[in-house]
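For chain U, the structure is supplied; the task is to place chains E and L on it using the hints.
Chains as they are written, first to last, in our numbering: chain U, 1 to 128; chain E, 1001 to 1100; chain L, 2001 to 2242.
If a hint is listed, it holds; no wrong ones were tucked in.
Distance condition first, Cα-Cα at most 20 Å in a straight line; then the derived SDA-like pairs of lysine to any residue: (1) L:K2213 to U:R22; (2) L:K2213 to U:E97; (3) L:K2213 to L:A2055; (4) L:K2213 to U:R101; (5) L:K2213 to L:F2107; (6) L:K2213 to L:L2033; (7) L:K2213 to L:N2052; (8) L:K2213 to L:E2144.
No lab work stands behind these hints: they were computed from the structure.
As a plain string of letters, each chain reads:
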Amino acid sequence: MYRVSQEQRVRAYAELWPTQPRWGLWAWWAQRISGLALVAYAIWHIITVVGAARQPDRFGPLLILLRHPVVFALLMAGLAYHAANGVRLVLFDLGLESMRRRGAFWGFLAAAVLVVLASLGREMVRRL
Amino acid sequence: MSALLWLLQRASGLVLVILAGLHVGVHYGLLPFSIRRPVLIVVDWFLLTFLLYHGLNGVRTVAYDYVTRPQAQRLVDWVLWAAGLALFAYGSWGLTLLIR
Amino acid sequence: MRARRFRVARTNSDGTRRYQTYEVPEGDRMTVLDGLLHIQRHLDRTMTFRYNCRAMMCGTCGVRVNGTERLACSTRLSAIPAATVIVEPLRYLPVIQDLMVDFEPFFDAWRTVQPGFVPGAAHEEPARIAPDAPERQVIDRHRECISCGICFSSCEVVGISPGFVGPAAMNRAFCMIHDSRDEGREQRLSVLDSEQGCWRCHTHTTCTELCPKGLDPTGAIEEMKRLLARRSIASVLGLRRS
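So that you can see chain U by itself, here it is in the shape it has in the complex (with noise of 0.2 Å):
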């Protein structure tokens, strides 16, 4: 009979890297990272525009940042992947069994970026 250290038991939970890493793993972290950050993103731009309302001069340079092009950018990248995925979640759990697959995560990405640029496209045609 063989005996198990703790030691080896601790050292089992060292493998916490995936070497292969599947696709169904990096939808689901991005929706992750997608998610914790417009948490944060939420939380501040409800703190500031409040404090903007209240004192319109104080918070106006905090609300520009808001407006930055970059920020604006990454900002709907991030909101059209985790409502995208998110979508395409809850017809897997309603039992749609096709939305599991790789093929209709692909997609719902495709047509969330379709609708970012679209809109993009819109505001950047109004402004030429």
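Same frame as chain U, now just chains E and L:
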């Protein structure tokens, strides 16, 4: 209880797709139609409510992956509830300031 | 016959890991298990690994091949595109030696869902479920678990969340709760309804993709989430005793 939280996360997510879309669309002039101000404030309030639930419940889900002791989980719940109610109150009050 | 490079995880005497390289002559239709046997017989007698049936039936030879969980007996070398075949033990289970791991944590999780049949009130004997009965059909893609540990090892949540019961245990619970003769349903559902049960599953679907028997733990867990959600709604609406 966990089942209802899971269910509400999905439901609020779907509603948020629409509310967030409207909010971003209006504030960046991307919508082909315009929304009257009172309606906008109501939409924003619903956005605030659903977003705080969905976002903070999401944080709870992430936290519960790593925090498994029941006492620590109660602490996480308490912190998130406190933050959520505080932000809800602050945000709702802020929206009332925009009613002119 | 050309040689295929194997890079195998080995265990030093102090318990740390090293990787050792071997050149294995690659024969026709050769599997990873064939390669390991060749190494043990001709190159390095200290190579340690488990196998048994060599026919994808017993679930003994689970390993990671180039990072992906596989049964060594059914992984053809010709199906591995990389030049080097990297063989490592399953994840999240203590390594005893080289590729041999301790399955106790896996079966600890297995036991929490009461995986055995719980006999109850008298049924008319023989208490038989017909092959075309709905309850038999619904567990069709979940029945033939060989407890190889591949789904457990590939599950990210098993790695990050202590106490998570894992895909294999929940797949097994799914089969048991559908047996109309079984009395352990409520007990199992209370385990599944906990924060260490269904709700920790984030539907990566890796377990289903890698199961060597083509089982569907993700589907089982999703179905149980729906079941638990319906029960919760019914409780809230007062339609059932909770």
